[in-house]
Structure formats: structure tokens, C-alpha cells
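Peer 1: With these hints in hand, go ahead and build the complete structure from the sequences.
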Amino acid sequence: MVSSHALIRFENVGLRYGVGQEVLRDINFHLQPGSFHFLTGPSGAGKSTLLRLLFMSLRPSRGLVYLFGRNIAQNTTGQRADLRRRIGIVFQDFRLLDHLTTWENVALPLRVVGRKQNDYREDVTELLKWVGLGDRMHAYPAVLSGGEKQRAAIARAVIGKPELLLADEPTGNVDPQMARRLLRLFIELNRLGTSIIIATHDYQLMSQFPGPRMQLENGRLELFE
Amino acid sequence: MQQSLPVPVEAGGQGVLKFARANAPIVPPGSVTGRSLTFVIAIMAFLASLTAGAVYVTFNAANAWTNNISSEITVQVQQRGGDVGDEKIAEIKKFLLDQNGIRRVNPFSREQSLKLVEPWIGKSDILKSFAIPRLITVEIDRENPPEIQTLKKVLEAKFPGTLLDDHGHWRGEIRRLTRFMELAGIGMLLLMAAATAAVIVAAATSALASNREIVAVLNFVGAEEQFIARQFESHFLKVGVMAGIAGSGMAAVVFLVLPYVTEGMHSSATSEAEIRRLVGAGSLDFWGYIVLAIVVVAVAMICKMTSRYGVRRILNQQNA
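Heads up: the sequence lines are chains A and B, in that order. The first sequence runs 1 to 225 under this note's numbering. The second sequence runs 1 to 320 under this note's numbering.
Derived from the structure by calculation, the hints contain no laboratory data. Some hints could be false.
Said to hold, decoys possible - Here are the in silico distance ranges between beta carbons for each label pair:
id, chain 1, residue 1, chain 2, residue 2, range
1, A, P176, B, A198, 26 to 36 Å
2, A, Q21, B, M250, 54 to 64 Å
3, B, M250, A, K116, 42 to 52 Å
A virtual CB, placed ideally from N, CA and C, is assigned to each residue, including glycine.
Peer 2: What follows is the structure, given as C-alpha cells:
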């Protein structure tokens with residue numbers, strides 16, 4: 001039964017690029033607030049596409065997508081920005097701004113909502129120390145390693161204490177020890193109430209946290225609780 | 001681009017290091033205020049200002065021309081069997097001055113009248129044997145003009161051999177010409193404005209495209225459209241104002257030195273005076289410089305609007 005309080009609800013969603021075949025087909029699922037899911041599947045199965053749908057940077061070719069109980073097709077630009085503030089996203093390619101320091105990049109979500117630097121200075125510093133970037137706060141992304149960029153991107157996604165965190169291969173560029181540490185961060189966030197969806201290939205990581213999985217294959221989604 | 005490194009400082013006495021610049025620009029100024037964009041906009045502002053100034057000068061000259069010619073009438077006194085005596089000219093002058101709406105009467109001497117035909121016949125003693133009509137220019141009061149047709153009838157009846165010319169034919173011709181010049185000027189100005197706007201929009205859009213990633217990141221961290229647009233607008237406005245001032249300033253310098261240049265180009269004082277009478281000296285008055293200032297404002301506004309719509313277009317492409 002579909003709960004009216006679902007955080008995410010997909011109803012018969014299909015997506016095709018241009019006039020090609022559908023890359024996602026008949027996607028139906030709903031996730032409750034506070035859930036934790038791994039999104040997995042072979043390369044090209046549509047994991048990033050599904051995340052983009054969740055992040056409202058793609059519009060489904062058919063079907064309905066509800067986020068926080070709201071149909072995203074009916075969002076105004078202001079409502080979309082409001083929803084995005086409730087979502088944190090970690091991109092596979094990090095998307096850090098090269099002209100800002102690590103600290104400034106991580107603080108960006110708080111800055112764009114008009115918060116004063118004095119209010120969040122300690123939070124940002126603390127978080128950066130926690131992800132192991134305490135000595136790299138002043139560095140620009142150009143001089144960070146792949147793993148450091150990854151951690152900065154994760155810190156930026158979680159700094160605003162989002163209700164939903166979407167992460168696209170968040171441990172792809174870090175060593176196993178750091179991967180476990182980051183996973184613990186995600187689990188801690190989840191414990192505090194943030195819903196998490198992690199798109200990953202990393203079966204070793206998934207085995208350390210036997211949570212429910214969303215498996216994408218040939219454009220179709222199956223949920224394994 | 002030169003970036004200032006943040007300096008770690010103790011914040012709030014709690015031992016927390018500050019690793020952020022107070023006003024770190026979200027959009028790096030150098031990415032928008034690139035030399036090529038500023039240069040292109042400055043050139044277009046220069047050309048637009050030259051066009052606007054030239055059209056303004058032409059309008060003024062055309063208006064002055066029409067006004068001058070319609071505030072003057074001419075009386076020709078034909079020679080009939082001998083030279084017209086100065087007494088007769090003085091009589092006509094007195095008659096004209098007695099009429100309402102006449103401001104000034106200026107009879108040409110025989111020598112002055114002969115000089116008028118010199119450009120066609122040349123300077124020769126033989127001119128003196130010609131029965132050249134004497135001319136009297138009459139300046140009328142444009143606020144309270146005389147009834148020209150009645151004056152003509154009375155004058156020609158009272159002084160046989162006189163002809164009053166109200167320049168009606170010329171006025172008509174000149175009105176047609178000035179109207180054409182005005183329309184051509186407006187057309188030229190519109191074309192120039194369109195070209196300027198198109199070039200600025202293209203240059204600013206490409207500058208904005210190079211910042212697509214910044215727009216994307218701001219969009220994805222939940223910044224509102226107005227917030228993102230503001231980050232770019234201030235930079236583009238600055239570029240527009242600076243480039244506009246540079247371009248229009250150059251044009252202002254051209255209009256300042258133009259009268260001296262045109263003076264130096266003509267060897268004959270007559271041709272220079274003729275050109276000045278026809279199109280003005282090429283210099284601008286106070287309102288002319290205001291026109292150039294309007295070009296600066298227009299250029300800056302085009303930059304700002306392009307930035308706003310450019311950001312909106314990028315966001316539309318990035319959002320569902």
C-alpha cells in the first residue's frame with residue numbers, strides 16, 4: 001500500500017532521452033522518511049538517471065514523481081529551490097567550484113540561503129575535520145586528490161542537514177578505510193533522521209551494512225528489503 | 001586569475017580557525033570581466049555613440065536650417081532701364097520696417113549682390129555691366145509673423161519691379177530633405193542599436209556559458225533563481241558600465257576634436273562655412289552628451305538583462 005506520507009513516490013515512471021528507447025521503465029516505488037537504501041545495478045542501468053529524476057534535473061517522459069508529498073511536475077522555480085534545500089546530493093564528478101576553498105565550497109549551501117558566516121563557521125570546520133579535511137580547508141579543489149574532493153563533496157551535501165541525501169558512487173575514489181568512515185557518517189545521518197539513497201557498485205561496502213537495496217536492471221527497478 | 005588565499009585567524013576566541021574570506025565572490029569576477037568581452041562591448045558602445053551623436057548633430061542642423069529659412073523672406077528689386085538707386089532701396093526698407101511682424105531689414109549693396117553670382121560666373125569686371133537685381137533680406141518675427149501674401153501684393157503694387165520671395169518652394173524641398181535625413185538617421189540608429197544589442201547579447205551569453213558549472217552548482221545546492229541571477233548581474237552590470245563609459249567616452253572625444261579636424265581638412269574658408277551650415281560643426285551640445293550618457297545606460301542595461309535571461313535559460317536547461 002502506498003503511504004500518503006511517503007518521502008518519495010514514483011508512479012509508472014518512464015524516461016527516454018529524445019526519441020530513443022526508454023532507459024527507465026515502469027518505475028513504481030515509495031520510500032518512507034528515515035529510510036536507507038543502496039541503489040545498485042550494472043553500469044548504464046540508469047542509476048544516475050534515477051538520481052537525476054529524484055533531484056529534479058530531469059523530467060519523466062511519463063508517470064508521476066512525488067517528493068515530500070509534492071508532485072514535482074507542478075513545482076514553481078521557488079518551490080523547486082525549497083525542495084532542493086531539503087535534499088543533499090553528492091555527484092560522481094564532485095562538482096566543486098574551483099575558485100572557492102574547500103571550506104567555502106562546503107559552506108555554500110548555507111551561504112545561498114542567506115545564513116551569516118558566524119552562525120555556521122564552527123559547524124563547517126567541525127565537519128571538515130570529521131571527514132579528514134581539517135588540514136585542507138584552505139586548499140582549492142585543483143590541489144585536492146580525488147578522495148579529498150569526494151569527501152569535500154560529501155561534506156557539502158550534508159552540511160545543511162538534509163532530509164534526503166542522494167549520493168552517486170560516494171566511495172568510488174577513497175580507500176576502504178575512508179569508505180567505511182564515510183559510510184558511518186551516512187549511517188549517523190540516517191540515525192538522525194535523514195533518508196539516504198547511495199548509488200554504488202561497491203558490494204563490499206554494501207555487505208558491511210545489510211540494508212535494503214534498489215536494484216536497477218534493463219531500466220526496471222526491483223526493491224529488496 | 002589572482003585569488004586571495006584565506007588567512008587562518010582565531011574566531012570568537014574559541015580556537016576555531018576561520019578559513020573563509022568574508023566576501024569570497026561566488027562568481028569569480030575575472031570569468032565575466034574578461035578583456036575580450038569588455039573590449040567587444042566598448043567597441044559597440046563607441047560605434048553606437050558615434051551613430052547616436054551623428055544623428056543628433058544632423059537633427060539639430062536640419063532643424064536650424066528649416067528655422068533659419070522660414071524666419072527670412074527676400075525682396076528682389078529688378079533693374080529696369082538703369083541701376084536701382086539707393087533711395088529706392090531705402091524707401092522699400094522704410095516701408096517694410098513699418099509693417100507688423102518685421103524684425104530686421106537688410107538690403108544688400110550692389111557689391112554684395114554681385115558677390116553672390118561670383119561662384120557661377122567668376123570674378124570679372126564684366127559683372128559690373130550686368131543688370132543684377134538688388135536683394136533685401138527681411139527677418140520676420142516668427143512669434144508674430146506678417147501676412148506674407150498681403151505684404152507681397154501690397155509691396156509689388158507699390159514698388160513695381162519688386163518681387164517678394166517667401167522661400168516657400170525651398171522650404172518645402174528642405175522639409176522633404178530634413179524629413180528624409182531624420183528618417184534615415186532613426187533607421188541608422190535602430191540598426192546600430194540592434195547590432196549593438198545582438199553583439200553584446202552574443203558576447204555576454206558566451207561569457208555566461210563559461211560559468212555554466214557555477215550556475216549548476218548554485219542551482220543544485222538550493223539557491224533561488226534571483227540569488228543566482230544577482231551573482232552574475234552585478235558583474236555584467238559593472239562590465240557594461242565600464243565598457244560603455246570607455247566606448248562612449250571615446251566617441252565624446254571624437255565629437256570634441258571633430259570641429260578642429262574638419263577645420264584643418266578644408267583649404268577654402270567658404271567650403272568649411274558651407275559644410276558647417278549644412279551639417280553643423282560636428283560638435284555636441286549639452287543634450288548631445290546626454291545622448292551619449294543614455295548609450296552608456298542602455299549598454300549597461302542590455303548587459304544586465306542578458307545576464308538575467310541567460311541565467312534563466314541555463315536554469316531551464318538544468319531543471320526538470
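Peer 1: Each hint needs a verdict: does it hold in this structure or not?
Peer 2: Hint-by-hint comparison with the structure:
no.: 1; hint: A:P176 - B:A198: 26 to 36 Å; verdict: violated (56 Å)
no.: 2; hint: A:Q21 - B:M250: 54 to 64 Å; verdict: holds (58 Å)
no.: 3; hint: B:M250 - A:K116: 42 to 52 Å; verdict: holds (44 Å)
In this structure, the one hint that does not hold is number 1.
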